[in-house]
Amino acid sequence: MDDTPILTRRELLKRVTLVGTAVAIPVRLVTIERTPADVAALQGVNAAPAAFETLTAVEGETLQAIVARLIPTDGNGPGATEARAAQYIDRALGGALAPSRNAYRIGLAALDGYARASRTASFAQLPGAEQDAVLRELETDTAAGFAGSAIFFNLLLTHTIQGTFADPYYGGNANFVGWDLIGYPGVRLAVAPADQRLDTRPAPTHQSAYDLAMFSKKKPARARGGAGDHDHAG
Amino acid sequence: MPVDLRRTDVVIVGLGAAGGVAALPLAQAGLDVIGLEAGTWLRADDFAPDELRNNVRGWPQAVQKANREIPTHRPNPAAPYSPRAAIHPMMNAVGGTTLHYWAQSWRLNPWDFKVVSATRARYGASRIPRGSTVEDWPFGLEELEPYYDLVEREIGVSGKAGNINGRIDRGGNIFEGARAREYPMPPLRGCGFGDMMTAAAGTLGWHSFPGPAAVNTRSYQNRGGCVYHGYCARGGCHINAKGSTAVTTIPKAERTRRLTVVTEAHVTTIVVDSNGRASGVNYIKGGTEYFQPASVVLLASYVYENVRLLLLSTSRAFPNGLSNNHGQVGRHYFSHNQGAPVSALFPRNLNTWYGLPAQGVAVDNWADDNFDHAGLDFIGGGNLWVYSDRRPIGAAGMSTFGRAPRWGAAWKSFIKENADRANTAYLQKTTLPYEDNYLDLDPEVKDPLGYPVCRITADYKENERRVAAFIQDKMAEWYRAAGAIAIERGGIGTMGPTTHAYGGTRMGDNRETNVVDRWGFSHEAPNLGVLGASVMGTSGARNPTLTAQALAWRTAEHLVKSWKTIAS
Numbered sequence: 266m267d268d269t270p271i272l273t274r275r276e277l278l279k280r281v282t283l284v285g286t287a288v289a290i291p292v293r294l295v296t297i298e299r300t301p302a303d304v305a306a307l308q309g310v311n312a313a314p315a316a317f318e319t320l321t322a323v324e325g326e327t328l329q330a331i332v333a334r335l336i337p338t339d340g341n342g343p344g345a346t347e348a349r350a351a352q353y354i355d356r357a358l359g360g361a362l363a364p365s366r367n368a369y370r371i372g373l374a375a376l377d378g379y380a381r382a383s384r385t386a387s388f389a390q391l392p393g394a395e396q397d398a399v400l401r402e403l404e405t406d407t408a409a410g411f412a413g414s415a416i417f418f419n420l421l422l423t424h425t426i427q428g429t430f431a432d433p434y435y436g437g438n439a440n441f442v443g444w445d446l447i448g449y450p451g452v453r454l455a456v457a458p459a460d461q462r463l464d465t466r467p468a469p470t471h472q473s474a475y476d477l478a479m480f481s482k483k484k485p486a487r488a489r490g491g492a493g494d495h496d497h498a499g
Numbered sequence: 004m005p006v007d008l009r010r011t012d013v014v015i016v017g018l019g020a021a022g023g024v025a026a027l028p029l030a031q032a033g034l035d036v037i038g039l040e041a042g043t044w045l046r047a048d049d050f051a052p053d054e055l056r057n058n059v060r061g062w063p064q065a066v067q068k069a070n071r072e073i074p075t076h077r078p079n080p081a082a083p084y085s086p087r088a089a090i091h092p093m094m095n096a097v098g099g100t101t102l103h104y105w106a107q108s109w110r111l112n113p114w115d116f117k118v119v120s121a122t123r124a125r126y127g128a129s130r131i132p133r134g135s136t137v138e139d140w141p142f143g144l145e146e147l148e149p150y151y152d153l154v155e156r157e158i159g160v161s162g163k164a165g166n167i168n169g170r171i172d173r174g175g176n177i178f179e180g181a182r183a184r185e186y187p188m189p190p191l192r193g194c195g196f197g198d199m200m201t202a203a204a205g206t207l208g209w210h211s212f213p214g215p216a217a218v219n220t221r222s223y224q225n226r227g228g229c230v231y232h233g234y235c236a237r238g239g240c241h242i243n244a245k246g247s248t249a250v251t252t253i254p255k256a257e258r259t260r261r262l263t264v265v266t267e268a269h270v271t272t273i274v275v276d277s278n279g280r281a282s283g284v285n286y287i288k289g290g291t292e293y294f295q296p297a298s299v300v301l302l303a304s305y306v307y308e309n310v311r312l313l314l315l316s317t318s319r320a321f322p323n324g325l326s327n328n329h330g331q332v333g334r335h336y337f338s339h340n341q342g343a344p345v346s347a348l349f350p351r352n353l354n355t356w357y358g359l360p361a362q363g364v365a366v367d368n369w370a371d372d373n374f375d376h377a378g379l380d381f382i383g384g385g386n387l388w389v390y391s392d393r394r395p396i397g398a399a400g401m402s403t404f405g406r407a408p409r410w411g412a413a414w415k416s417f418i419k420e421n422a423d424r425a426n427t428a429y430l431q432k433t434t435l436p437y438e439d440n441y442l443d444l445d446p447e448v449k450d451p452l453g454y455p456v457c458r459i460t461a462d463y464k465e466n467e468r469r470v471a472a473f474i475q476d477k478m479a480e481w482y483r484a485a486g487a488i489a490i491e492r493g494g495i496g497t498m499g500p501t502t503h504a505y506g507g508t509r510m511g512d513n514r515e516t517n518v519v520d521r522w523g524f525s526h527e528a529p530n531l532g533v534l535g536a537s538v539m540g541t542s543g544a545r546n547p548t549l550t551a552q553a554l555a556w557r558t559a560e561h562l563v564k565s566w567k568t569i570a571s
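Residue numbers (our numbering), protein chains in the order written: chain A, 266 to 499; chain B, 4 to 571.
Worth flagging that the hints you see were computed from the coordinates, not collected in a lab. Mixed in with the good hints there might be a few duds.
[As the list claims (entries may be wrong)] Listing some non-contacts, in silico: residues in chain A with all C-beta distances to chain B over 10 angstroms:
1) E326
2) A361
3) R370
4) A374
5) D377
6) Q390
7) A412
8) T429
9) D432
10) N440
11) P458
12) R466
13) P485
[What the hints assert, rightly or not] Listed below are the simulated DMTMM-like cross-link pairs for lysine to aspartate or glutamate, each with C-alpha atoms no more than 20 angstroms apart in a straight line:
14) A:K483 <-> B:D520
15) B:K117 <-> B:E145
16) B:K564 <-> B:D35
17) A:K484 <-> B:D49
18) B:K419 <-> A:D464
19) A:K483 <-> B:D48
20) B:K288 <-> B:E267
21) B:K567 <-> B:E491
22) A:K482 <-> B:E292
23) A:K482 <-> B:D48
The C-beta atom is built at its ideal place from N, Cα and C for all residues, glycine as well.
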């Protein structure tokens, strides 16, 4: 079987600290600028106002703005905003991702501080192109005064992808927008030969694993203090 | 002082792939067996198809004892330690890692048993890489064949034979050694992507075939056939189609009423008497320490814990660790050369969202000594394996093959088009043991009980690097023949904790270089047996589990036949 390495955040920090500057990733960005009205139209419905469980309101607002740039809402459909990736991260920071809570406290404040110092506005208030530039500077460790910014950027990107493509049970991938974006046809308990043909795309099932009666009694915890939070055991 | 328990005939430390198999022939022979397992029972409804929990957050390994004892790693004694893995590669549970493994159930090829003599004969002694401590096994494939056969039937292995008593069948692996009969079940079904790769192998003149798997393809021994739902890797089977020992040999042994399973039993030491014989084991359960006396001890945890428990079990007779008076415990360690992957991007949807890692297509033309190495600068090779297994978080994290950034609108556009158009091959390659690759106790890092964890000192050598480069070329060739428009090669990495670890208690006739004899019993403490891949001296180019299981059955059968000699 494979040996996909799973690292603690602390190890990730160590590893990235060691090599981070040496592996600056070349980035070509082609962004599609849209007005808020365009975005609202694409979303179909307005995202519910954020109520954060773990993050402060200010942190939550900054995080919302970040995920909206990492996986934007555009002509290719809904993005991390509609998936509620920020809400997934917020909830997980009170549970399975609790070891990252402090990194978010420090990192979000540093990011916002950097935006204000270099662009004279909070990150959330910057235009999209400027937000992208800030994120790119974090990613490439070129944000003056923000040591270790690439580590924090990688954490944000990893968690935003989780929040957009994980089982909706965890609070992200709302309305299966992540799975629909990449054409994942969804959880099926049995798969027919016809569902494994080339060039086909089985119809999406749009169900969570825990919608299935068989697994509904052994749900993993989603946030702090829940029973059966496997990620805290041991 | 530990609480003394009633004596038993055999105590097995660890009820996973190997211990879970050995329990059956012992119990069937009427021996009283206590199976000590650090984990708990897990059931079908524990195995939800949940990528975040299973694959990203490392459940169920994360809840287990092993996860508090993750080995440390350094490539060599002068190098800094590698970042410590957060998740142990294996898990504790009744059935162990057979619950959530890929279940690929290969027999080794004939060459793997005689690497030294066959290399000398064909290419000359100088072709054995410098510094390697590789030896021939004390027996050949034909000795292990009956035990492979027994295990294939007990746990239920599906596949297609390529060589039945010397008669070659091109439907199976034409390079495999002779087997007595066909697999008990036909192979897992093909899929569109697999058929495409099969056709491409044909255009190259290579022989491709479906791989063997401990996965039912029809109803077998009251368990149903695979339903290809896509969450087999690190997930466990929700219908028990996977032939884990937790649903095959262990319950069957329990039904004899000779096997008693003790869960959440944390073994700390193997106890040795004044004559240098193993007298039982100490374990902790629920905060209480127990001593389980036994006539015979079978050590069947994973490679790292087998070595660690021996080294921690010091006594007057064995001041440097049990069975270590020749300094061989922890030596001849190697981990499978599974790195150096190759990924490909195709101009069409592959639809590999479903299936399982064992549902795939193999090419063995470039494995072992199946091709002429006369003009090459390495020995051994690799098995090429492509399969249908893809989940959304993993797909979203795919390489963009240099065609897009890794976030933002351009990335989103790329991923929307290509999430279902990439594939990564699994390339298992020959790895040899070397003088300076070994396991010992970490001088600083301890587990919560205060015992040192296992330390790995190991790195790939020139032979492994050359094999990897050669095999990556072959895989790229195969993908291109199938129409790939972009190819990406990954690095070989280093030799940190892995699911494919070998050695440390190697099996062989020479007690100066091996810990256990040809039957799997200690050269130094004759009533101590060792099970698992820690006894294997070569890796082959394929998954180790079935070989570890065949060896475990053979060791158990030998114990039954030699009970009076070994137990008294």
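Hints versus structure:
1. Under the 10 angstroms C-beta cut-off, the non-interface status given to E326 (chain A) relative to chain B holds; the minimum distance is some 20 angstroms.
2. The non-interface label for A361 (chain A) is inconsistent with chain B: the shortest C-beta to C-beta separation is roughly 6 angstroms, within 10 angstroms.
3. For R370 (chain A), the condition that its CB be more than 10 angstroms from all CB atoms of chain B holds, with the nearest at approximately 21 angstroms.
4. With 10 angstroms as the threshold on Cβ separation, the claim that A374 (chain A) sits away from chain B holds: the shortest Cβ distance comes to roughly 21 angstroms.
5. The claim that D377 (chain A) lies off the interface holds: its Cβ sits roughly 19 angstroms from the closest Cβ of chain B, which is beyond the 10 angstroms cut-off.
6. The beta carbon of Q390 (chain A) sits about 19 angstroms from the closest Cβ of chain B, which is more than 10 angstroms, so the claim that it is off the interface holds.
7. No beta-carbon of chain B is positioned within 10 angstroms of the beta-carbon of A412 (chain A); the least distance is around 19 angstroms.
8. Against the 10 angstroms criterion, T429 (chain A) falls within the reach of chain B, whose nearest CB is about 7 angstroms from its own CB.
9. A beta-carbon of chain B comes within 10 angstroms of the beta-carbon of D432 (chain A); the shortest separation is about 5 angstroms.
10. N440 (chain A), annotated as away from the interface, keeps every beta carbon of chain B farther than 10 angstroms; the closest lies near 14 angstroms.
11. The beta carbon of P458 (chain A) sits about 6 angstroms from the closest Cβ of chain B, which is not more than 10 angstroms, so the claim that it is off the interface is violated.
12. With a cut of 10 angstroms on Cβ distances, R466 (chain A) falls inside the contact zone with chain B, its closest approach being about 7 angstroms.
13. Distance check on P485 (chain A): its Cβ comes as close as 5 angstroms (rounded) to a Cβ of chain B, failing to clear the 10 angstroms threshold; non-interface status is violated.
14. In summary, the hint linking K483 (chain A) to D520 (chain B) is not supported, as the alpha carbons are separated by about 45 angstroms, beyond the 20 angstroms threshold.
15. Of the pairs offered as hints, the one joining K117 (chain B) and E145 (chain B) holds, with about 12 angstroms between alpha carbons and a cut-off of 20 angstroms not exceeded.
16. Note on K564 (chain B) and D35 (chain B): the hinted pairing holds, with a Cα-Cα distance of about 15 angstroms set against a maximum of 20 angstroms.
17. Of the supplied pair hints, the one linking K484 (chain A) and D49 (chain B) holds, its CA atoms being roughly 9 angstroms apart against a limit of 20 angstroms.
18. At most 20 angstroms may separate the alpha-carbon atoms for a hinted pair to count; K419 (chain B) and D464 (chain A) meet this at roughly 15 angstroms.
19. Between the alpha carbons of K483 (chain A) and D48 (chain B) the distance comes to roughly 7 angstroms, so the proposed pair stays at or under 20 angstroms and holds.
20. This hinted pair checks out: K288 (chain B) and E267 (chain B) have alpha carbons roughly 6 angstroms apart, not beyond 20 angstroms.
21. For the hint linking K567 (chain B) to E491 (chain B), the alpha-carbon distance of about 58 angstroms lies beyond 20 angstroms, and the restraint is violated.
22. For the given pair, K482 (chain A) sits about 34 angstroms from E292 (chain B) by alpha-carbon distance, which is inconsistent with the 20 angstroms threshold.
23. About 8 angstroms separates the Cα atoms of K482 (chain A) and D48 (chain B), which keeps this hinted pair within 20 angstroms; it holds.
Violated hints, listed in ascending order, are 2, 8, 9, 11, 12, 13, 14, 21 and 22; each of the other numbered hints is respected by the structure.
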